[in-house]
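Asker: One letter stands for each residue in the lines below.
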Amino acid sequence: MQKFLLIILTLVSTTLFAQDDLLKQLQTQTPTKHEPVIATFKGFKIINIETNETTPKGNLDFRVGHLFGNIGGASGGGLHGFYGLDNSVDVRIAFNYGITKCLTVGVAHVKKNETIEGVAKWKLLQQKTNGGSPLAVTLFGEATFTMKDKNQYPLERLDTFPHRLGYCTQLILARKFGSRFSLVLTPTWVHRNITALADSNDLFSIGAGFRLKVTRSSAIIADYFYNVSPANLAGHYSPLGIGWEIETGGHVFTIMFTNATGLAENDFIPNTTDTWERGGFKLSFNISRMFKLAN
Amino acid sequence: MKQISCILFLSSIFSMQTLAQVYTAKSGSASFFSESSIENIDATSTNVQSILNTSAKSVALIIPMRSFHFKKDLMEEHFNEKYVESDKYPNATYSGKINENLDFSKDTTCSITSTGKIAMHGAEKEMTAPGTFTVKNGEATLESNFNLAVKDFNIEIPKLLFKNIADTVAVKINVIYQPYKK
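Read top to bottom, the protein sequences are chains V and Y.
For the first sequence, our numbering assigns the number 1 to the initial residue and increments by one for each residue that follows.
For the second sequence, our numbering assigns the number 296 to the initial residue and increments by one for each residue that follows.
Bound conformation, chain V alone (with noise of 0.2 Å):
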């Protein structure tokens, strides 16, 4: 009687390998692959700092950044400026282009100082999936001129083209952690040609941010620059920025509250003169739209 049954469960078994474990089979000899971590971020900026995210191949991207007056009656605000509506502190118009999958580049126009700005991201580091890289590395230059009459500007000192010119370099390292975490963590050094004289040329900076996701379309983002070296003059704050991204199909809203008091990095980072305790917070927001011109 054993016997029999053995029997009847060896046979058993064979068939079952014939059928089921052909796909475990399967699995063993398929090799796994290191795809690219897709969606750490929604965005090429999360809302003050760069992210490692960059224009698709082929892709052109349009955008005005918006950034409104302080919300905070104390800060200029209050009712009598509609909180902050009826003011406009800086826009930015930029036109970004992905010439390959890994560098874009792009030109912009931010009101702020008339400022013509030139901006290239490279990725040199994708995180990949499966034990490939555990990080994105990424390398964000940008380069400005400023436009403004001479005798316009606080500094009366425009009177070469290189004082008219600034700089800012980041070396983005980004991580997805699972499939809701995002962590940005952003070395910068801001130069700039011209500066008021307690102010110092070269700039350092610690940039970090995150994405949080809530929903299946829903995020929290924030972000901060700390300043190393020097530290904040007197009367300057580190900017931070908070805020919820909501996505839907093609657009991704976001609402965003910063103290910044630009949209160009080697303005805000070292000229924030907004501060959050003073209800020095601003409404901020971005229209974008992205054109395929190539394949």
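Each hint should be verified, as a subset may be incorrect.
[As the list claims (entries may be wrong)] Pairs of lysine-lysine residues, derived as DSSO-like cross-links and limited to a Cα-Cα distance of at most 27 Å, are as follows:
1) Y:454 / V:123
2) V:57 / Y:377
3) Y:321 / Y:366
4) V:213 / Y:454
5) V:123 / Y:367
6) Y:367 / V:213
7) Y:383 / V:42
8) V:33 / Y:467
9) V:24 / Y:366
10) Y:412 / V:33
11) V:24 / Y:412
12) V:57 / Y:412
13) Y:377 / V:213
14) Y:476 / V:33
15) V:101 / Y:392
16) V:24 / Y:467
17) Y:352 / V:101
18) Y:383 / V:128
19) Y:321 / V:33
20) V:128 / Y:412
21) V:33 / V:128
22) V:24 / Y:476
23) Y:392 / V:24
None of these hints come from the bench; they were simulated from the model.
These numbers come from a predicted model, not from an experiment.
Since the structure of chain V is already known, use the hints to place chain Y on it.
Answerer: Just chain Y, lined up with the frame of chain V:
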């Protein structure tokens, strides 16, 4: 003890026999298409892995979800991130029986059916799909077209977008086989 070793010997002969009739995918592609009033969704993978055992008449397929490529980059990102959650469920798989005999020895084209389990996005579904088996110049091709309902695989479509995304998608599979080389 003798009996057990005898059985083991027999069963190993059985499994050797099955190995001898095994074919694997030389190349394979899969695509799906859904039509709606607002936009069509169209994606193709050229990375279909498959194994076919003619003596046991069984077939298995693996399609990595990340291998599906879309015309719009954003659509591909949403597909992976929000709909099929490919970081949690990286593959679609099928394992089933071929209900007819497959003859690799001569040029032929015949209609076949396969009954088995399709697994995707953490859900499984029993199904029978029609297909065509072709042998031409010693090369065997298996083709199959069938429809899948999105809701069978726990894939939620947000109410706001129900006009953009159809609730069934048309799937096409095409695999060219070669004898299994160890």
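Asker: Are the hints correct? Go through all of them and say.
Answerer: Structure-based check of all given hints:
no., hint, result
1, Y:454 / V:123, "violated (36 Å)"
2, V:57 / Y:377, "holds (22 Å)"
3, Y:321 / Y:366, "holds (26 Å)"
4, V:213 / Y:454, "holds (20 Å)"
5, V:123 / Y:367, "holds (21 Å)"
6, Y:367 / V:213, "holds (23 Å)"
7, Y:383 / V:42, "holds (19 Å)"
8, V:33 / Y:467, "holds (23 Å)"
9, V:24 / Y:366, "violated (32 Å)"
10, Y:412 / V:33, "holds (24 Å)"
11, V:24 / Y:412, "holds (14 Å)"
12, V:57 / Y:412, "violated (38 Å)"
13, Y:377 / V:213, "holds (12 Å)"
14, Y:476 / V:33, "holds (21 Å)"
15, V:101 / Y:392, "violated (42 Å)"
16, V:24 / Y:467, "holds (23 Å)"
17, Y:352 / V:101, "violated (44 Å)"
18, Y:383 / V:128, "holds (14 Å)"
19, Y:321 / V:33, "holds (18 Å)"
20, V:128 / Y:412, "violated (30 Å)"
21, V:33 / V:128, "holds (9 Å)"
22, V:24 / Y:476, "holds (17 Å)"
23, Y:392 / V:24, "holds (15 Å)"
Checked against the numbered hints given earlier, the structure breaks hints 1, 9, 12, 15, 17, 20 and satisfies all the rest.
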